[in-house]
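Participant: Chains as they are written, first to last, in the working numbering: chain A, 1 to 269; chain B, 1 to 269.
Think of the hints as simulated: they come from the structure by calculation, not from any bench. Predicted, not measured: the structure shown is a model, and the values here were computed from it. A few of these clues could be false.
List time: in silico EDC-like cross-link candidates among lysine to aspartate or glutamate, alpha-carbon distance up to 16 Å [to be verified]:
1) Lys-179(A) to Glu-134(A)
2) Lys-71(A) to Glu-36(B)
3) Lys-71(B) to Glu-74(A)
Derived contacts from chain A toward chain B, CB cut-off under 8 Å, selection only [to be verified]:
4) Asn-4
5) Arg-6
6) Phe-64
7) Gly-69
8) Gly-96
9) Ile-98
10) Lys-104
11) Thr-112
12) Ser-121
13) Pro-122
14) Ser-147
15) Gly-150
16) Phe-152
17) Asp-153
Every residue, glycine too, gets a C-beta built ideally from N, C-alpha and C.
There are 2 protein chains.
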Amino acid sequence: MDFNKRVVDTIRSKRSAVCVGLDVEPGKLPQILKNEKDPVLKFNKEIIEATQEFTAAYKPNLAFYEQFGTKGFEYFEKTLDMMGGDVLKIADAKRGDIGNTSKKYAHAFFETFNCDAITLSPYMGEDSVTPFLEREDKGVFILALTSNRGSFDFQMQKMSDGRFLYEIVIEKINSWNIKNNCGLVIGATHPQMFEGIRKLAPGIPYLIPGIGAQGGDLENTVKYGFVKDEVLALVNSSRGIIFASDGPDFAERAGEEAKKLRDMINSYL
Amino acid sequence: MDFNKRVVDTIRSKRSAVCVGLDVEPGKLPQILKNEKDPVLKFNKEIIEATQEFTAAYKPNLAFYEQFGTKGFEYFEKTLDMMGGDVLKIADAKRGDIGNTSKKYAHAFFETFNCDAITLSPYMGEDSVTPFLEREDKGVFILALTSNRGSFDFQMQKMSDGRFLYEIVIEKINSWNIKNNCGLVIGATHPQMFEGIRKLAPGIPYLIPGIGAQGGDLENTVKYGFVKDEVLALVNSSRGIIFASDGPDFAERAGEEAKKLRDMINSYL
Numbered sequence: 001m002d003f004n005k006r007v008v009d010t011i012r013s014k015r016s017a018v019c020v021g022l023d024v025e026p027g028k029l030p031q032i033l034k035n036e037k038d039p040v041l042k043f044n045k046e047i048i049e050a051t052q053e054f055t056a057a058y059k060p061n062l063a064f065y066e067q068f069g070t071k072g073f074e075y076f077e078k079t080l081d082m083m084g085g086d087v088l089k090i091a092d093a094k095r096g097d098i099g100n101t102s103k104k105y106a107h108a109f110f111e112t113f114n115c116d117a118i119t120l121s122p123y124m125g126e127d128s129v130t131p132f133l134e135r136e137d138k139g140v141f142i143l144a145l146t147s148n149r150g151s152f153d154f155q156m157q158k159m160s161d162g163r164f165l166y167e168i169v170i171e172k173i174n175s176w177n178i179k180n181n182c183g184l185v186i187g188a189t190h191p192q193m194f195e196g197i198r199k200l201a202p203g204i205p206y207l208i209p210g211i212g213a214q215g216g217d218l219e220n221t222v223k224y225g226f227v228k229d230e231v232l233a234l235v236n237s238s239r240g241i242i243f244a245s246d247g248p249d250f251a252e253r254a255g256e257e258a259k260k261l262r263d264m265i266n267s268y269l
Numbered sequence: 001m002d003f004n005k006r007v008v009d010t011i012r013s014k015r016s017a018v019c020v021g022l023d024v025e026p027g028k029l030p031q032i033l034k035n036e037k038d039p040v041l042k043f044n045k046e047i048i049e050a051t052q053e054f055t056a057a058y059k060p061n062l063a064f065y066e067q068f069g070t071k072g073f074e075y076f077e078k079t080l081d082m083m084g085g086d087v088l089k090i091a092d093a094k095r096g097d098i099g100n101t102s103k104k105y106a107h108a109f110f111e112t113f114n115c116d117a118i119t120l121s122p123y124m125g126e127d128s129v130t131p132f133l134e135r136e137d138k139g140v141f142i143l144a145l146t147s148n149r150g151s152f153d154f155q156m157q158k159m160s161d162g163r164f165l166y167e168i169v170i171e172k173i174n175s176w177n178i179k180n181n182c183g184l185v186i187g188a189t190h191p192q193m194f195e196g197i198r199k200l201a202p203g204i205p206y207l208i209p210g211i212g213a214q215g216g217d218l219e220n221t222v223k224y225g226f227v228k229d230e231v232l233a234l235v236n237s238s239r240g241i242i243f244a245s246d247g248p249d250f251a252e253r254a255g256e257e258a259k260k261l262r263d264m265i266n267s268y269l
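Make a model of the complete structure from these sequences and hints.
Facilitator: Dropping the structure here:
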């Protein structure tokens with residue numbers, strides 16, 4: 001089954017479009033885990049157990065693992081192993097390099113780490129992306145319009161034909177999507193753009209960060225970013241779920257926040 | 001001392017603008033290392049020992065380490081430890097994320113791994129880059145015009161004011177370079193552009209990949225990409241040096257190729 005169909009199927013069977021960002025920060029771990037042998041892994045395990053029922057995908061961002069050095073990659077591998085088979089495992093890595101090198105990254109994330117998908121940066125163009133598209137069951141979410149302030153620096157600059165750079169990027173991504181395994185990263189901080197973007201890329205899934213700590217607008221995100229008959233978007237929340245509480249109830253509260261986000265999204269559909 | 005001055009000083013004191021790309025590939029290792037306990041580390045150690053005299057910098061590309069999973073990061077850390085203090089350690093990682101996340105990557109590469117510099121992708125704009133610029137002694141090389149075919153997809157597309165995207169990127173990078181620790185990645189496959197680029201960014205260092213296997217033009221690269229009185233560029237070669245031979249003479253041959261590249265660059269100056 002191709003990756004984009006896997007996204008639709010997972011969202012449908014879980015009745016959830018929630019993606020939980022597993023961006024662990026040692027300084028924010030609950031006191032109660034302080035005496036654990038491995039507080040980071042214990043934290044991720046409890047968060048995953050408490051949220052998995054309400055979640056279609058997990059998205060560990062590699063930066064939060066690389067901060068620990070070699071040890072962090074062990075955390076990353078073990079965290080992936082904790083996830084059940086009914087969720088998508090998305091490596092938020094924003095990789096992209098010349099073809100020869102992207103091939104190695106694809107091997108790393110799809111074979112060695114066995115992730116289902118990876119986020120990519122499009123700046124280096126087609127041959128930096130295509131090595132990730134060889135397996136139809138594995139997918140990519142390519143940065144198109146991101147949730148941060150810096151998205152105005154280049155992505156929202158006008159090209160010679162009057163379009164924004166991100167529109168040119170989306171057009172190219174459409175042309176690369178031969179095996180139906182390309183998706184887009186579109187930040188929830190730009191809900192006014194979603195309607196136009198859906199016209200450019202009607203049939204491919206979005207990964208939508210920027211809800212919660214970054215202030216994105218959930219209602220308009222769902223209204224304009226989603227496709228009604230076939231839910232084609234994953235809404236990510238990281239800090240808003242995993243750090244909902246730093247007390248002994250941290251896992252329970254994370255589960256509640258994941259459930260709440262799931263229900264809010266579903267209520268807007 | 002700020003990073004860009006460190007680049008100039010290192011090139012001057014080593015009388016070399018050579019950067020060796022330590023992109024290890026298990027399938028290409030010499031037979032003679034097959035029975036080593038750790039062929040990858042032994043290979044890197046011998047390559048570093050044979051080339052360090054002729055080299056201003058080493059640039060391990062993370063993809064080639066991530067392909068091994070957790071083990072690969074141990075290789076990466078140990079490989080960095082093998083390098084002497086008279087060379088620059090550049091993590092070719094092409095990272096870049098929202099500010100909060102880039103901060104973690106900066107910590108990972110500058111503190112945990114103790115690299116001197118990292119390569120970044122500019123697509124997410126200013127707040128994805130600035131967390132890497134806090135320490136003046138550590139630097140970044142930001143993708144501007146890359147050596148691959150895909151550089152035509154976006155980087156060489158025209159903006160509404162008639163400039164290319166990469167020119168806008170360079171203009172922004174200049175404005176971020178407050179602590180004199182920003183450099184550019186400019187591929188040697190575009191030597192005809194170097195003259196114009198040097199006018200846009202006269203005083204900042206370039207990291208120049210694309211020589212060797214990718215077919216870049218060394219003479220014109222040096223003629224137009226370098227600055228005469230103060231050598232402001234590192235020319236990277238990976239496969240052309242480290243896989244010069246797969247026989248028992250692999251390290252000796254790598255040293256010869258590094259020396260040859262150093263001497264050719266110096267002869268064009």
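Participant: Checked against the structure, which of the hints given earlier come out wrong?
Facilitator: 2, 4, 5
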